[in-house]
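**Student:** Here are the chains, one letter per residue:
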Amino acid sequence: MNDFLLVLVVITALSFDFTNGFHDTGNAMATSIATKALSPRVAVGLSAVLNLVGAFLSLTVAATIASGLVDTGIVTLTVVAAGLAGGIIWNLVTWLFGIPSSSSHALIGGVIGATIGAAGGHAVQWHNLVAKVIVPAGLSPIVAALVAGTGTWMLYRISKNLTEGARGSGFRIGQIGSASMVSLAHGTNDAQKTMGVITLALIVNKTLPATAGAPFWVILACGLAIALGTFVGGWRVIRTLGKGLVEIEPPQGMAAESASAAVILLSSHFGYSLSTTHVATGSIIGTGLGKKGAEVRWNVAGRMATAWVFTLPAAGVVGAGAYALANAIGGTAGVVVDTIILIAIAAVIFWRSRKTTVNPNNVNSEWTGSVAPSEPADRAPEPAAA
Amino acid sequence: MHHVLAAAAPTPIPPWINFTALWQIVVLSLLAGAGLPALFAIGLRALSLGGGGTQTAEGPSDKLVGGNPAGVVAAGVCFLIVLGAIGWGIWAIYEAGHPK
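As given, the protein sequences belong to chains A and B, one line each in that order.
Just so it is clear: in the first sequence, position 369 is 369 by this note's numbering, and no numbers are missing.
Just so it is clear: in the second sequence, position 89 is 89 by this note's numbering, and no numbers are missing.
No wet-lab data here; the hints were simulated from the structure.
Among the hints, erroneous ones may be present.
[Claimed, not checked] Within a straight-line C-alpha distance of at most 30 angstroms, the following computed DSBU-like cross-link-like pairs (lysine-lysine) qualify: (1) A:36 - B:63; (2) B:63 - A:160; (3) A:160 - A:355; (4) A:206 - A:132; (5) A:292 - B:63; (6) A:355 - A:36; (7) A:206 - A:36; (8) A:160 - A:36.
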């Protein structure tokens with residue numbers, strides 16, 4: 001039992017949950033912001049509330065993040081802290097570059113890396129890792145693209161007699177509904193992963209019996225942390241998803257979000273805890289493929305795919321390094337040093353991000369090849385009529 | 001130090017790709033993720049039908065509601081099915097996520 005260390009781990013876990021929220025706001029809301037179905041502020045507010053509601057919706061996959069992937073018998077609080085550090089750093093670095101990468105993979109990679117650091121590769125259940133994480137990660141964007149592409153094609157066919165104006169306003173309403181579903185699914189899917197980590201830490205510390213589920217305060221804290229992160233809005237990632245991949249119209253936005261919500265919720269029903277990011281990106285690419293004449297910027301998609309391949313190993317290396325350092329120093333002091341370094345790295349990344357600020361004012365500015373916006377962040381907001 | 005999570009380790013080894021789950025996810029996702037939006041689009045189209053059931057002489061308008069009573073009713077049915085399906089889905093997730 002080490003309650004100081006436990007508190008530190010819980011705070012780190014909630015910090016991860018916060019980055020999970022702001023990194024992934026775009027999965028639900030990027031297309032609605034791009035088509036102006038919702039103003040940027042309203043979009044992130046709505047998404048935040050629904051993430052919080054989603055956190056309470058289902059509690060089945062809590063604790064699955066570690067069990068089945070690593071030998072939980074050797075997990076200590078130091079391993080959990082180091083794994084979380086790996087996940088947080090990867091999330092912040094990819095956010096800086098505006099790359100929508102998977103928060104789930106960052107967390108899994110960090111925990112696996114820290115476990116390898118603590119006990120070696122035999123403590124990892126590699127077969128499960130491939131069958132439950134890597135193969136679904138490869139398949140889910142393809143399935144999402146298929147569903148979104150089919151949906152897009154049908155929506156344009158069915159609505160071809162509608163005028164541009166009627167089609168736009170009709171599908172903007174549909175988009176708000178479907179984006180809300182993705183936010184709900186995100187809260188359900190992603191908040192549970194942090195709940196699982198905190199519950200694991202409580203069990204490891206013998207604060208909770210081994211059979212315990214997530215206590216209410218854990219559910220509430222995780223829901224609030226992910227909602228707060230969502231509300232802050234990961235504008236850099238939103239910009240890449242909404243403007244960088246495909247120029248999106250309202251029917252495409254609705255098709256993309258519906259496909260994402262369906263694939264995420266159905267897969268989790270079948271026991272696959274997918275990355276919402278992989279699904280949302282696949283869906284957006286699918287809407288580009290499903291509409292005649294739409295262009296998918298494959299160079300942007302390629303950059304993302306590269307980041308996805310590196311997510312597990314990169315977060316793993318950071319997790320392993322953080323464990324090695326904490327272990328060399330030893331005990332609580334080791335984790336404290338890790339935490340101080342983590343805070344310092346986060347501060348540097350935030351400082352770097354201010355050179356190319358992306359915020360609600362310029363998130364939709366013309367895509368000119370990178371996340372760095374073509375318009376300054378302090379430009380006067382568009383007239384209220386927009 | 002032998003808690004439940006560790007004790008549950010020797011679960012049956014899952015296949016590399018679970019094709020049974022995969023095809024069900026694909027089919028159900030197509031129904032819910034593409035079918036429901038398509039139904040919504042059919043509703044929009046029904047809603048836009050003009051007074052006589054066809055476009056008026058002055059050409060199509062940008063209005064969402066065309067005013068054809070049958071169209072409005074058909075649209076209402078479409079939208080209700082979509083909302084009902086979503087509501088049922090959320091309820092099913094809640095039920096499955098809170099085992100008694």
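**Student:** Which numbered hints does this structure break?
**Tutor:** Hint check: 3, 7 fail, others pass.
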